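Produce the entire structure from the sequences given, and follow the hints as far as they go.
If you want the building blocks of each chain, they are given just below.
There are 2 protein chains.
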Amino acid sequence: MTGSNGAGYERFLELWSEVNDLSRASAVLSWDQETQMPEKGSEARGRVQSTLAGVRHAKLTATELSDALASAAEGVEEGSVEAAQVREARRELDRISKIPESLARDLALAATRAHESWRRARAASDFSLFQPDLEHMVGLKREEARLLAGPDGRPFDALLDQFEPGVTEAELEPLFTELRGRLSSIVRAVTESGKAVDESPARGDFPMEAQRAFGHRVAREMGFDFEAGRLDLAPHPFCSGFAPTDVRITWRYLADDFRSALFGIMHEAGHGLYEQGLPLEWDGTPIGPATSLGIHESQSRLWENLVGRSQAFWSWCLPLFHEYFPGSRDVTVDRLWPALNTVKPSLIRVEADQGTYDLHIAVRFEVERALIGGEVEVRDLPELWDVTYEELLGIRSPDVADGVLQDIHWSFGGFGYFPTYTLGNLINAQLFVAAKDALGDLDAMFARGEFRPLLDWLRDNIHQHASRYPANELVERVTGRALSPDDFLAERARVAEEVYGVTV
Amino acid sequence: MTGSNGAGYERFLELWSEVNDLSRASAVLSWDQETQMPEKGSEARGRVQSTLAGVRHAKLTATELSDALASAAEGVEEGSVEAAQVREARRELDRISKIPESLARDLALAATRAHESWRRARAASDFSLFQPDLEHMVGLKREEARLLAGPDGRPFDALLDQFEPGVTEAELEPLFTELRGRLSSIVRAVTESGKAVDESPARGDFPMEAQRAFGHRVAREMGFDFEAGRLDLAPHPFCSGFAPTDVRITWRYLADDFRSALFGIMHEAGHGLYEQGLPLEWDGTPIGPATSLGIHESQSRLWENLVGRSQAFWSWCLPLFHEYFPGSRDVTVDRLWPALNTVKPSLIRVEADQGTYDLHIAVRFEVERALIGGEVEVRDLPELWDVTYEELLGIRSPDVADGVLQDIHWSFGGFGYFPTYTLGNLINAQLFVAAKDALGDLDAMFARGEFRPLLDWLRDNIHQHASRYPANELVERVTGRALSPDDFLAERARVAEEVYGVTV
Chain A
6 MTGSNGAGYE RFLELWSEVN DLSRASAVLS WDQETQMPEK GSEARGRVQS TLAGVRHAKL
66 TATELSDALA SAAEGVEEGS VEAAQVREAR RELDRISKIP ESLARDLALA ATRAHESWRR
126 ARAASDFSLF QPDLEHMVGL KREEARLLAG PDGRPFDALL DQFEPGVTEA ELEPLFTELR
186 GRLSSIVRAV TESGKAVDES PARGDFPMEA QRAFGHRVAR EMGFDFEAGR LDLAPHPFCS
246 GFAPTDVRIT WRYLADDFRS ALFGIMHEAG HGLYEQGLPL EWDGTPIGPA TSLGIHESQS
306 RLWENLVGRS QAFWSWCLPL FHEYFPGSRD VTVDRLWPAL NTVKPSLIRV EADQGTYDLH
366 IAVRFEVERA LIGGEVEVRD LPELWDVTYE ELLGIRSPDV ADGVLQDIHW SFGGFGYFPT
426 YTLGNLINAQ LFVAAKDALG DLDAMFARGE FRPLLDWLRD NIHQHASRYP ANELVERVTG
486 RALSPDDFLA ERARVAEEVY GVTV
Chain B
6 MTGSNGAGYE RFLELWSEVN DLSRASAVLS WDQETQMPEK GSEARGRVQS TLAGVRHAKL
66 TATELSDALA SAAEGVEEGS VEAAQVREAR RELDRISKIP ESLARDLALA ATRAHESWRR
126 ARAASDFSLF QPDLEHMVGL KREEARLLAG PDGRPFDALL DQFEPGVTEA ELEPLFTELR
186 GRLSSIVRAV TESGKAVDES PARGDFPMEA QRAFGHRVAR EMGFDFEAGR LDLAPHPFCS
246 GFAPTDVRIT WRYLADDFRS ALFGIMHEAG HGLYEQGLPL EWDGTPIGPA TSLGIHESQS
306 RLWENLVGRS QAFWSWCLPL FHEYFPGSRD VTVDRLWPAL NTVKPSLIRV EADQGTYDLH
366 IAVRFEVERA LIGGEVEVRD LPELWDVTYE ELLGIRSPDV ADGVLQDIHW SFGGFGYFPT
426 YTLGNLINAQ LFVAAKDALG DLDAMFARGE FRPLLDWLRD NIHQHASRYP ANELVERVTG
486 RALSPDDFLA ERARVAEEVY GVTV
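Chains as they are written, first to last, in our numbering: chain A, 6 to 509; chain B, 6 to 509.
Keep in mind that the hints were calculated from the coordinates and are not lab data. Please read all numbers here as calculations on a predicted model, not as lab measurements. Don't take each hint at face value.
Identical copies carry no separate label here, and so any pair may be met within one copy or between two of them.
[Unchecked claim] Lysine to aspartate or glutamate pairs mimicking EDC-like chemistry, simulated, CA-CA at most 16 Å apart:
#1 349 to 197
#2 349 to 502
#3 103 to 503
#4 200 to 502
#5 45 to 288
#6 103 to 226
#7 349 to 204
#8 441 to 455
#9 441 to 503
#10 45 to 503
#11 45 to 230
#12 349 to 404
#13 45 to 232
Laid out in structure tokens, this is it:
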């Protein structure tokens, strides 16, 4: 603590912690809705979420909090923890002051409703079941974006900022242009090579319970603490952290291909390790949460792709794999590894290989910009989706369930969220280079099943800082460089060369 | 609606609905804590529950609500639905106005902590792990009881009133005295008869998953709607209704005796049918919930005992039982039925037979009265418990896990709750006589697996009224008589005669 404003600062943190408790209650209710709630419960749940959002909004906009913040801000030292607390609180209060309580409630209610109709629409592969609720949601999000951006800002930037503070459409556009160009070259080179990877080692008969147990085991070996977390089936894999002591990940599976479940679990466990590693000391304070979704995604993708898809990891993991799946006893690392690193255009983002994944994100970036900008309407989405997939990936979904309805995000109003996945890819590649510089031969450790040094490095360099530093500043502090796509694209080129023998 | 105060009445219901939403959020969080939450999450969860309790308390005590209630109350017609809404709201506001917000928060926090330490203490069979948290809880409850009772009331009555409005210790005392006398006579006569029931037909090897599926099936046949509810494993069976559209029951099981799981599920499904049958029209209003725990318990016990332990039910259910448990194919109704209706003193309330169950409640009634009255302290409980069991049931637990730590109730501060179980027994017996008068040969229906007529009768006579009428008034309306123990004791005597051939 600094200066004489100790009591004001404490009061500010106390009030903030109550707001945070209301967010947590909402988060538990959302997790419950996704994994546990019976179908007919959604109407009543929507009202509860709406009330909680309203109460939270009222507390965030109360004079008591802004007064306490003003008092807390007096005399804080630049660069101190207290200054970071004030900065993050101001950011949130500034945002919230622009949103009327009625809109906050409407958004919460709309999310509950749209979530249910999205689920039904996806099951029936019928966009019309989702369309009215999505139209309502988009209307609310356009209004929210307009209010947040103000007369001089750009609405889509305001939505991006919620997930990745400071990032703008203008910065992302050249980035996606470069990625599209380079990734397309790799895809083209692979296609032209005529070489196909034998994916049969990843296929077979994988009983659900064995997949769960295997994924659970791998997550534990990564360091995920199951006394402070859990793993549940859900229609869409996600991670919810209610506190560093209560972090929940979900999974889904394909009965004939183990990759979907395993890499989904490693991905969500990567998120979960970040959440479990956030400092308890700052829990419930403005800087307590993860600093950005891009950083969050760098953690999940690092474990999923740079650890889980490496040869070194599999030279340790193969005996475990054989133990849980005796039917795959003839699978070797040499045969399996290429099947984990294919480059092949496909329809479903969350099942996409790492060579094409960011092209899926590029589709969504284009579609969302146009939608929030008002250049297209909800009714145009199925067609726009298919056309853009055709253009970027050269394929088209036979139905809307695997097309425009595949992602949960729009149902909760998460426009501007997708680009953080690609930022996560760029960040994780750059972090991994720094980790190797610091720790030496990571591959040798992975081959021995030693993941603790890497986790400790991430804890020290990323997790323990929570939101103390903005994402871009954190990346520079840890890697000594501003974020660039170079490491990521180098890794993609290296893998394509090793698997397909192509040089791009 | 009546009179010219329509807007005031609507505003009152709107404000009430928000308070109710906060209660629901808390209820979901409690269910989650009991069935899903990882162990380390309890500290953070306690803070969230405490904040929610504080916000709810503030909303309930806000002038805005009392003003709206006053305005709503103007000119309501006696006997109308609106009058019942005002009555129930006043009851709650009167109660809450006596409890300072700080005490409400402390109670919520204490419940979360005590719940965790109770769980640990029970697992370790070590009362000292629970004692400090329970002492804290008892201190808070004594304070709450004192404030609620006021200078002229009796503290224990104030606690009873929370669960069974209007019931007093003075009314319960002669009731328990009569029950103790009559039930003890039956137990004595059974013991003296020297006849023992062969319980082996209820024992065997019952795989957990088959028990779950069997219980699930029976609950469905009773009419429990699984699209508006669910069934989960938990350390203690309970039912949580978040809305008529989201009702959750839990179960536990013994691997070598199917009775624990099946009758637990039928019991909780009986609660669940009441919750699912509450009118949606009144959902979230003051008269929306069940009218009392005694009435609630009458529903669970009616299905568990008067349906589930009847010969008629088993003449329908036996083929199902054989289907789920092929190892029990040689079991017949004649052999099984006595094993479902034993009279034998035992240690665990929730596993107790129906001939001795209310003696377990009598123990708790004695212990709680003494504890809240300040005649004994928490440290005395293990010994007092054992002595009272010895006195009333003639047995003593070898450890505290199956003794004073067996019930969850005190961990959440539920003092005054237990007597509602016995009231439920008295009410269900009296209701069942009325249902037979109205519907005719219920046994013949049960033998055909027809439970709908009984459920419809309960929906019409009990469920649809929610809290419109106080419990004692409702019983009189439906049965034409004030509540008495006669029907219950007659049923107990009849069963003892049929099973043991004793006449009391």
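Results for each hint:
| no. | hint | verdict |
| --- | --- | --- |
| 1 | 349 to 197 | within (12 Å within a copy, 81 Å between copies) |
| 2 | 349 to 502 | within (14 Å within a copy, 77 Å between copies) |
| 3 | 103 to 503 | neither (51 Å within a copy, 74 Å between copies) |
| 4 | 200 to 502 | within (12 Å within a copy, 84 Å between copies) |
| 5 | 45 to 288 | between (34 Å within a copy, 14 Å between copies) |
| 6 | 103 to 226 | neither (45 Å within a copy, 53 Å between copies) |
| 7 | 349 to 204 | within (11 Å within a copy, 64 Å between copies) |
| 8 | 441 to 455 | within (14 Å within a copy, 70 Å between copies) |
| 9 | 441 to 503 | neither (20 Å within a copy, 79 Å between copies) |
| 10 | 45 to 503 | neither (51 Å within a copy, 44 Å between copies) |
| 11 | 45 to 230 | between (33 Å within a copy, 10 Å between copies) |
| 12 | 349 to 404 | neither (20 Å within a copy, 64 Å between copies) |
| 13 | 45 to 232 | between (31 Å within a copy, 6 Å between copies) |
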